[in-house]
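Those sequence lines, one after another, are chains Z and A. Going by our numbering, the first residue of the first sequence is number 1, and it counts up by one from there. Going by our numbering, the first residue of the second sequence is number 351, and it counts up by one from there.
In short, the hints are calculated from the structure, not lab data. Hints should not be assumed to be uniformly reliable.
Unchecked claim - EDC-like, lysine to aspartate or glutamate: derived pairs with alpha carbons at most 16 Å apart:
no. : chain 1 : residue 1 : chain 2 : residue 2
1   : Z       : K53       : Z       : D35
2   : Z       : K24       : A       : E380
3   : Z       : K24       : A       : E410
4   : Z       : K53       : Z       : D104
In this text, all values refer to a predicted model and were calculated from it rather than measured experimentally.
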Amino acid sequence: MSGPGLERRYRRVLRLLPGYYRAKWEEDMVAAFLDSWLTGEPDEDEAILEFRKPAWAEVASVASLAARLYLGGVGAPRRYFAWGQAVRHAALAVTLVQATRGLDVLVRTAWSRHVFGWLPVPPAGIAPGTLGGILPPVVWYLVAYAWIVSFIALVLGRYRIAQAISALAIVPDLVVLLQGQFTGAFQGPSLGPWAFWVLINLAPVLAMTAFHSGAPPAARWPWLLALPANYILVAVPLTALQATGNSAWLPDFSGLYCVLAALACLAHAPRAWSRQAAGSGTWSLALVLLAADAGAYRIFSLTDYLNDPHLIGVSLAELLILVIAVALVAPDAARAQAAAPAPPPQPQPG
Amino acid sequence: MAVKPMTGQAFFVLAALADGPRHGYGIVREVAELSQGRVRLKIGSLYGVLERLAAEGLIEADREEAHDGRLRRYYRLTRDGRGALATEAELRAATARVVRARLGLSGAEAAG
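So here's chain A without its partners, still in its complex pose (with noise of 0.2 Å):
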């Protein structure tokens, strides 16, 4: 059975986990940082791609603090997010590789 492509927002929410739990605002935050602006998520959007992750088992709730009189709950990758995350990254770079290869650039080049 062929693997369910992973959503560009489902990536990139999973990537804002990679090195830590965190809330909701602050894994706004970070997509909007890990993706130089592009990806700007609502938070119907936000709890629309964790409410799906959540049900695959790729995250889970990491603890609750109190801020402000309200409480934050933070999430964090399961062992299973993780491996989906290291294998999307994975199957984007390989991706990234042909594509610079068939323009021609070198890999500084394409940095820069």
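Extracted from the complex, chain Z is given alone in its bound form (with noise of 0.2 Å):
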């Protein structure tokens, strides 16, 4: 890497580029960016290609077009297309699984209220809890609706709105984690509420910089319908399970994440094996990325059982099912990143 110190400077911030888009692109980015220094006067552009370091919103407009490369759209080399569905499928898929938590608490809360007349007195312990902490209940309604919200935002195309929407909906989670932090309340090595606060919170917010602009647009239909669908096959046999008294059986969100995932794997796997459908590779690639989203998240919630051998054995055995499901679509997902990129034809001076 030759030449004075602020171009080497910026020809190191360009390595966060694709190969293929550098081999492309690289020279003019740097003739520009010196052109943007450069004043003409020679003892002051001698300074300035010594000791100047590109801005930091330089260096933000290389990262943030670098996060849309690797994870392209259409017209993308197929490998970063490939990534770039996957990250999307995983967004939408988690963003899925919070907006059935929201219409979940949504529901609990008109019941616990005696808004469906035809239903039972409900139980209790049915009325939806909330993490408390200085925020008031209110706050963590909100939170549970926000979700939906951004669920539906990002299915219609409203990209910059659902991250905006879910950006805001974990702060409260942040803050009550910082309080317990600060104040003790977490004692002992349990890592299970930041994990969850970053791998089901944090996650899907920062994968939601995979939808710009040359983003295909997801299947609006099928997602949408997924929501209800989502409740009525996940939520309402766990709420029965509770308010029949049997919520000994319920497992906790981390071991419900690790048996969705693996479901999923299982059902795709027909799929992943043919060959012959169409898009299937991206989808295993989205799969394996949950999968250690809720494997990580299983392993970290580990810690909040460690005086518990029956939890860590169930804990250990939703992990096993889990490597096991995911292990039948690993290779579909290899095949669809693994394809050498290929650089579309160079813009040529004619």
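Given two chains presented individually in distinct reference frames, assemble the corresponding complex, making use of the accompanying hints.
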């Protein structure tokens, strides 16, 4: 890497970009960047080239471009398009899980306040709990409903609105975590609450970056219908178990996430093995990402059960099921992302 | 199928090339001038836009010139790019006319 200090430092920043893109645009970007600094005064320019560094805003613009390129949209090389689609599917899936929790809070709140006259009297404990802390209960209801709005906005293509809403929705959890950390409420080695915040709250917000102007729109109706379907197939049976006094059978959220990710892998496995279905590879890659997220959360939340060998055993069984299920789709995922990037034609002077 | 709306940055970059080819930093300067300083493109943002516009066939490379030991690549509008810019400019002008009418502004007042 040659050239004066400023050029060398900027080229180092450009290494954030994929190789195919740098091969095509790097020299031009460096020339434009240096043009933006140089004044035409030899002494001043010499000092600038020697001592100045790219501004943070410039670095951020390159990082943002890198994220858009690695999580490619329409027209991107196949490998980066596969990663982009996989991250978009995974972001939608985790946001769907959050929205389903929000819908669950909505229904439980309505039931506990006797809005559904045809339902039996709600059992004790059916009302949704809140994390408490320094924030009033209404904040937690708003957080739950915000995820429903965020999910629908994402499916309808209002990407930045969805990202902004979900970014706001994860703040109260962080406030309570920090409060617990500073007041000593979290004792011992428990990492579960922090793992939840990073892997279930923060991860989808960051992953929504993959929804950029080049991203193909999500399949609108299947994703919209997935919300009530997920609620009926997952949340209703769990609520029924709780309402009928069988709470002992309820898995914790981490276990439920592992089982759902494993079931999704099993359901997708026939497509993954057929090699015929269009788009199968990006779904396999998305499921691997989801399984990694679920598995990491399961592992970190094990620290909540260090004194309970039975729950440790159950958690390890959930992990084992997840690993076996994800192994069925992993080869298809590897094929999807291993394709060598084919650089699109470079605009040549003509 | 609905036509994908043009982003503000893409519009300004195409507008900067309307009167002739420009190199990267020349486009940055022209965009700042055209937007009266409201749009100041970072280099990473500019090349994100240029790459998209080139992929859509709206701009193409014109020539390369050596300057201080570095090659500057110049870009120009394609015929499709000129058409897309004209369509977008007309759309924005029509919107501006409607807004001025709703605000009860005459053309002279709006210009001043």
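Legend entry - Given pair status - E410 of chain A, K24 of chain Z, alpha carbons within 16 Å: Roughly 13 Å between the alpha carbons, so the hint for K24 of chain Z and E410 of chain A holds.
Inset, instruction - Starting from K53 of chain Z, check that the Cα of D104 of chain Z is at most 16 Å away, please. - result: violated (51 Å)
Legend entry - Pair hint K53 of chain Z and D35 of chain Z, alpha-carbon separation not exceeding 16 Å: Cα-Cα ~14 Å, so holds.
Legend entry - Straight-line alpha-carbon gap K24 of chain Z to E380 of chain A, limit 16 Å: Distance ~24 Å between K24 of chain Z and E380 of chain A Cα, so the pair is violated.
Checked against the numbered hints above, the structure breaks hints 2 and 4 and satisfies the rest.
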